[in-house]
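2 protein chains.
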Amino acid sequence: MEEMQHRYCVIMCGGIGSRFWPYSRARLPKQFIDFLGTGRTLLQMSYDRICSLIPASNILIMTNERYADLVKAQLPEIPDNQILFEPARRNTAPCIAWAAWHIAARDPKASMIVTPADHVITRESLFESSVLAGFDFIEHNDALLTFGITPTRPETGYGYIQIGDTVEGDISKVKTFTEKPDLELAKVFVASGEFFWNSGIFLWRADVICNAIRRYVPDIASAFDAADANVYLDFEAEKSFIATAFPSCMSISIDYSVMEKADNVYVETVTFGWNDLGTWSALYDLSPKNSEANVTQNCNVLAYNSRGNIFAIRGEKLVVVDGLEDYIVSDADGVLLICPKAHEQEIKRMVNDAKVKFGDRFE
Amino acid sequence: MEEMQHRYCVIMCGGIGSRFWPYSRARLPKQFIDFLGTGRTLLQMSYDRICSLIPASNILIMTNERYADLVKAQLPEIPDNQILFEPARRNTAPCIAWAAWHIAARDPKASMIVTPADHVITRESLFESSVLAGFDFIEHNDALLTFGITPTRPETGYGYIQIGDTVEGDISKVKTFTEKPDLELAKVFVASGEFFWNSGIFLWRADVICNAIRRYVPDIASAFDAADANVYLDFEAEKSFIATAFPSCMSISIDYSVMEKADNVYVETVTFGWNDLGTWSALYDLSPKNSEANVTQNCNVLAYNSRGNIFAIRGEKLVVVDGLEDYIVSDADGVLLICPKAHEQEIKRMVNDAKVKFGDRFE
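Protein chains in written order, with this note's numbering: chain A, 1 to 363; chain B, 1 to 363.
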């Protein structure tokens with residue numbers, strides 16, 4: 001396929017992993033952990049599933065300088081000049097803008113898929129065919145395309161996309177993006193057949209996303225337009241330019257700044273077994289359970305009168321537990337967390353309290 | 001006081017500490033831990049409180065070879081020839097017999113106090129006056145004397161001693177020793193004013209206890225009578241003799257084998273603030289609580305919706321806990337235990353299960 005050489009992949013790998021705190025931490029975020037016990041981390045699995053579809057030299061990793069060693073250790077096949085280090089945390093819009101400007105400078109015909117490094121996809125062959133169909137669509141249309149996951153339950157932890165008119169195959173116009181619904185609304189969404197989970201995976205041509213950013217977030221676009229294309233082709237020049245241009249961008253998501261505003265936004269409905277592993281409960285649900293419905297990550301557990309828990313321990317440890325139901329128990333790197341799964345939304349606050357009270361090393 | 005040079009103290013320090021598992025362990029039993037946060041371990045506190053009453057050269061430590069380094073590190077002032085290593089675990093009767101034969105060989109006029117290394121006594125001046133009164137009594141009577149603690153609550157975790165006729169001062173004949181009562185019976189005991197907690201601290205002359213052992217547990221007595229007095233005066237000869245004599249003894253407590261059978265048994269009722277720290281709950285009750293009624297040993301805790309817990313952590317760790325009431329949380333040396341205080345009697349079984357399933361290193 002002649003068009004394959006114009007296809008790029010951007011793996012966003014800069015998250016700091018506070019949702020699985022303390023098991024995933026600022027110094028070892030979620031994407032660098034082998035949560036499924038397969039021997040491959042979420043980042044490695046993200047790479048594995050894309051590398052048959054995209055030329056190796058066209059795969060970019062967007063991450064933070066502090067994760068340089070982790071990325072290089074986990075993906076030794078990726079050359080240094082395909083790892084772009086964000087000098088500050090600015091959410092997805094500046095990250096995607098930089099990647100798009102970087103790619104557009106190399107290849108005016110470039111198309112690209114943008115994917116987080118920390119999601120789980122269980123049905124890889126369906127993923128492949130969906131990606132190929134998506135590339136085919138955006139290569140022939142000035143479209144901003146996102147994957148909408150066919151919902152399998154009334155999940156309240158995800159945003160939903162309502163589809164409009166079908167354009168071709170599984171691809172439709174987007175009617176609306178929604179916030180996370182409450183349970184009642186989520187049930188209505190699922191029953192309607194019109195609502196799909198917002199995956200945060202995008203496909204578009206580099207020129208199309210650059211122009212959309214120029215139109216809807218001109219401040220960010222002008223930060224990247226301040227350098228001419230040659231700068232993006234020179235590793236050192238680009239690094240030096242980005243050191244000031246990137247932090248000058250506002251922190252904003254691509255969803256909010258572009259996708260919810262543009263009128264050429266499309267959704268491809270897919271069924272490839274997706275989970276964003278956004279919560280301990282999501283990990284619990286996805287993981288194999290023992291006979292007492294407990295889940296273990298990296299530890300031995302001796303359980304009495306205990307069901308529905310998830311145990312995630314860094315370092316070799318035996319956990320002996322009695323009388324605990326539906327809890328998260330996680331011990332890693334100087335922190336032990338014991339928290340009901342039902343309170344997992346409070347963990348962010350706990351991390352913050354721990355930092356304020358006991359210092360940054362607990363982040 | 002001329003009689004002081006004939007007074008000896010035997011500190012029994014061989015326990016393996018399974019009750020505070022995993023915080024106290026076979027390799028670091030309870031008596032070697034600073035549970036009260038005073039900077040002194042229970043063994044050191046036992047030594048401190050006796051050493052103004054007994055000549056330094058008359059204090060003996062009875063322990064197991066595996067704790068040699070711990071004893072020497074914690075009590076560097078004790079010379080090697082005052083530490084007697086039991087070659088096997090045989091409960092208190094053989095331990096006390098050896099100590100008595102060892103002391104009697106040195107001093108036919110010896111009197112002795114025998115005390116566990118792992119109890120807490122909070123009112124040391126009352127302890128001192130009780131000990132002095134006790135020595136005075138046994139030096140003038142062929143008595144087996146034990147301390148009976150005036151009960152302050154209907155405790156079901158202790159055995160009780162019923163007193164008979166008063167002999168002099170706080171000293172009475174023992175009417176009966178009782179097993180641990182249930183709560184109803186414990187209430188009756190306390191209300192009666194006749195029942196006192198069995199402290200496991202004993203005072204007697206060496207010749208009196210030796211003769212009692214000869215009469216009530218002749219098998220043990222003959223094991224120690226098999227050597228003549230000179231053997232007990234020669235460090236190497238004694239060690240070599242004990243290596244076979246001691247393990248040949250049956251494993252039995254001094255309470256069951258002698259105290260409950262002899263007719264010259266007396267109790268001194270005392271009020272010196274005694275706690276045998278026999279359970280996690282006892283430690284909880286004794287320890288200062290924070291505003292949420294949580295107790296911490298050696299860790300920082302950030303607690304949400306959590307009351308009445310005890311956290312005991314070896315190594316530097318932050319514990320973040322939500323929604324936990326009346327639990328024991330202990331993490332040490334490769335084991336994390338989470339167990340309701342109300343189930344603490346099950347911990348022995350858990351230790352055993354852990355050993356069977358995962359190996360001796362978890363003892």
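These aren't lab readings, by the way, just hints derived from the structure by calculation. Please note: incorrect hints may appear among the correct ones.
[As the list claims (entries may be wrong)] Once the Cα atoms are required to be at most 25 Å apart in a straight line, the calculated DMTMM-like pairs of lysine to aspartate or glutamate come out as:
hint, chain 1, residue 1, chain 2, residue 2
1, B, K317, A, E346
2, A, K317, B, D225
3, A, K317, B, E139
4, B, K175, B, D333
5, A, K261, A, D225
6, A, K317, B, E260
7, B, K180, B, D142
8, A, K357, A, E344
9, B, K357, A, D353
10, B, K109, B, E3
11, B, K317, A, D225
12, A, K357, B, D207
13, A, K289, B, D228
14, B, K289, A, D353
15, B, K261, B, E316
16, A, K355, B, E292
17, A, K348, A, D165
18, A, K348, B, E325
19, B, K109, B, D225
20, B, K173, B, D34
21, B, K317, A, E316
[Stated by the list, open to error] If you want a taste of the chain A side facing chain B, the calculated C-beta under 10 Å gives, among others:
hint, residue
22, W21
23, P22
24, V190
25, Y284
26, L286
27, V295
28, G315
29, V329
30, D331
31, H343
32, E346
33, M350
34, D360
35, F362
All values derive from a computational prediction rather than experimental measurement. For every residue, glycine included, the Cβ atom is placed at its ideal position computed from N, Cα and C.
Hints versus structure:
Between the alpha carbons of K317(B) and E346(A) the distance comes to roughly 20 Å, so the proposed pair stays at or under 25 Å and holds. Restraint check: the Cα-Cα separation between K317(A) and D225(B) comes to about 48 Å, which exceeds 25 Å; the hinted pair is violated. The suggested pairing of K317(A) with E139(B) is violated, with an alpha-carbon distance near 54 Å, which exceeds 25 Å. Using a Cα cut-off of 25 Å, the hinted pair K175(B) and D333(B) is violated, with the two alpha carbons roughly 45 Å apart.
The suggested pairing of K261(A) with D225(A) holds, with an alpha-carbon distance near 21 Å, which does not exceed 25 Å. Between K317(A) and E260(B) the alpha-carbon distance is near 44 Å, which puts this suggested pair outside the 25 Å criterion. Taking the CA atoms of K180(B) and D142(B), the gap is near 28 Å; set against the 25 Å cutoff, the hint is violated. The suggested pairing of K357(A) with E344(A) holds, with an alpha-carbon distance near 20 Å, which does not exceed 25 Å.
Annotation: proposed proximity of K357(B) to D353(A) is violated, straight-line Cα distance about 38 Å (limit 25 Å). Proximity of K109(B) to E3(B) is assessed by CA-CA distance (about 9 Å); at most 25 Å being required, the pair is judged to hold. For the hint linking K317(B) to D225(A), the alpha-carbon distance of about 48 Å lies beyond 25 Å, and the restraint is violated. Distance restraint check for K357(A) and D207(B): the Cα-Cα separation of roughly 61 Å exceeds the 25 Å cut-off, and the hinted pair is therefore not satisfied.
Restraint check: the Cα-Cα separation between K289(A) and D228(B) comes to about 65 Å, which exceeds 25 Å; the hinted pair is violated. Restraint check: the Cα-Cα separation between K289(B) and D353(A) comes to about 21 Å, which is no more than 25 Å; the hinted pair holds. This hinted pair does not check out: K261(B) and E316(B) have alpha carbons roughly 49 Å apart, beyond 25 Å. Taking the CA atoms of K355(A) and E292(B), the gap is about 21 Å. The hint holds against a cut of 25 Å.
Taking the CA atoms of K348(A) and D165(A), the gap is about 39 Å. The hint is violated against a cut of 25 Å. Straight-line distance between C-alpha atoms of K348(A) and E325(B) comes to about 22 Å, which keeps the hinted pair within the 25 Å bound. Taking the CA atoms of K109(B) and D225(B), the gap is near 18 Å; set against the 25 Å cutoff, the hint holds. Note on K173(B) and D34(B): the hinted pairing is violated, with a Cα-Cα distance of about 36 Å set against a maximum of 25 Å.
For the hint linking K317(B) to E316(A), the alpha-carbon distance of about 16 Å falls within 25 Å, and the restraint holds. With a cut of 10 Å, the hint placing W21(A) at the interface with chain B holds, because the nearest CB-to-CB distance is about 9 Å. Taken as an interface hint, P22(A) checks out: its beta carbon lies about 8 Å from the nearest beta carbon of chain B, inside 10 Å. Violation of the interface hint for V190(A) is found here, the shortest Cβ-Cβ separation to chain B being roughly 30 Å, above the 10 Å cut-off.
Given the 10 Å rule on beta carbons, the hint for Y284(A) is violated: about 16 Å separates it from the nearest Cβ of chain B. Nearest Cβ of chain B to the Cβ of L286(A): about 23 Å, over the 10 Å cut. The hint is violated. The closest approach between the C-beta of V295(A) and any C-beta of chain B is roughly 16 Å, which is over the 10 Å cut-off, so the hint fails. Interface hint status for G315(A): upheld, as the beta-carbon distance to the closest one in chain B is roughly 8 Å, under 10 Å.
At a threshold of 10 Å, the smallest CB-CB gap from V329(A) to chain B is about 7 Å, leaving the interface hint in force. The closest approach between the C-beta of D331(A) and any C-beta of chain B is roughly 6 Å, which is under the 10 Å cut-off, so the hint is satisfied. Interface restraint check for H343(A): the shortest CB-CB distance to chain B comes to about 5 Å, inside 10 Å, so the restraint holds. This hint holds: E346(A) has a C-beta 7 Å from the nearest C-beta of chain B, less than the 10 Å allowed.
About 5 Å separates the beta-carbon of M350(A) from the nearest beta-carbon of chain B, less than 10 Å, and the hint is met. Annotation: interface hint on D360(A) violated; nearest CB of chain B at approximately 12 Å, more than 10 Å. A least Cβ separation of about 6 Å between F362(A) and chain B falls short of the 10 Å threshold, and the interface hint therefore holds.
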